[in-house]
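Engineer: From just these sequences and the hints, can you work out the full model?
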Amino acid sequence: AQSVTQLGSHVSVSEGALVLLRCNYSSSVPPYLFWYVQYPNQGLQLLLKYTSAATLVKGINGFEAEFKKSETSFHLTKPSAHMSDAAEYFCAVSVARGGYSTLTFGKGTMLLVSP
Amino acid sequence: EPEVTQTPSHQVTQMGQEVILRCVPISNHLYFYWYRQILGQKVEFLVSFYNNEISEKSEIFDDQFSVERPDGSNFTLKIRSTKLEDSAMYFCASSEGGGNSPLHFGNGTRLTVT
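If you read the sequences in order, they're chains A and S.
Note that our numbering has the first sequence beginning at 156, numbered continuously upward.
Note that our numbering has the second sequence beginning at 13, numbered continuously upward.
I should point out that these hints are in silico values taken from the structure, not numbers from a laboratory.
Treat the hints with care, since some could be wrong.
Facing chain A, from chain S, some residues (calculated, C-beta under 7 Å) [what the hints assert, rightly or not]: (1) K54; (2) F57; (3) F77.
Partial list, derived from the structure: chain A residues whose beta carbon lies under 7 Å from chain S [claimed, not checked]: (4) Y187; (5) Y194; (6) Q197; (7) G198; (8) L201; (9) K204; (10) T257.
Note that the Cβ used here is the ideal one computed from N, Cα and C, for glycine as well.
Structural biologist: Spelled out as structure tokens, the structure:
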């Protein structure tokens, strides 16, 4: 079975500061990893995904994440936070089962951005 | 960009009543899913659906729950006799297929059971 741990339920940064949201995973087989973002009253939007190609993955809105197998981590970063980045971020792991994948989510990290 | 749509956005029902949550997945997607998020908790997998049958379901998806694809576009989640603890945000998702294809989520239906 797979699992995801997101360290920190809330992360606060100033506008322009580095954003680092931590995610560690557990999986018995090579995983697929995803970051989703949820803005207030909206659904889950895919930010980026790791699918065993490049270990550094670039996503939308200037976010990127690096897959580190030795650390079982997939931390999300952005060099400079913007007010519009304030949202809840979810890391998720999946293992392929035939043609479909079942996502297991972390508890989420709320990113707060102050001026 | 095509998107998954869910209706209604908010549903209030009394305990013991049946509810049907509706979803229109992205048209060329083959795999459909329901997830739920109880307030303050993580997003949890309920069920996956492919080729008109359930592929996988979680422990949460007991006999009170059912899914159906009644026509070529809709995908529904039915809760037969709602309980207070069914109050949650329910998300529908779809994917093209392939283990690494991402899920595309709708905006969710907030179900409140009173």
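Engineer: Hint by hint, note whether the structure agrees.
Structural biologist: Hints and how they fare:
The interface hint given for S:K54 holds, since its Cβ lies 5 Å from the closest Cβ of chain A, which is under the 7 Å cut-off. A least Cβ separation of about 6 Å between S:F57 and chain A falls short of the 7 Å threshold, and the interface hint therefore holds. Taking 7 Å as the C-beta contact cut-off toward chain A, the hint placing S:F77 at the interface is violated, the least distance being around 16 Å. Annotation: interface hint on A:Y187 holds; nearest CB of chain S at approximately 5 Å, less than 7 Å.
Evaluation of the A:Y194 hint against chain S yields a violated restraint, the C-beta minimum of about 10 Å exceeding 7 Å. For the restraint placing A:Q197 at the interface with chain S, the shortest Cβ-Cβ distance is roughly 5 Å, inside the 7 Å limit, so the hint holds. The criterion of a C-beta within 7 Å of any C-beta in chain S is met by A:G198, whose closest approach is roughly 4 Å, and the hint holds. For the restraint placing A:L201 at the interface with chain S, the shortest Cβ-Cβ distance is roughly 5 Å, inside the 7 Å limit, so the hint holds.
Hint on A:K204 holds. Least Cβ distance to chain S is approximately 5 Å, under the 7 Å limit. The criterion of a C-beta within 7 Å of any C-beta in chain S is met by A:T257, whose closest approach is roughly 6 Å, and the hint holds.
Comparing the model with each numbered hint stated earlier shows that hints 3, 5 do not hold.
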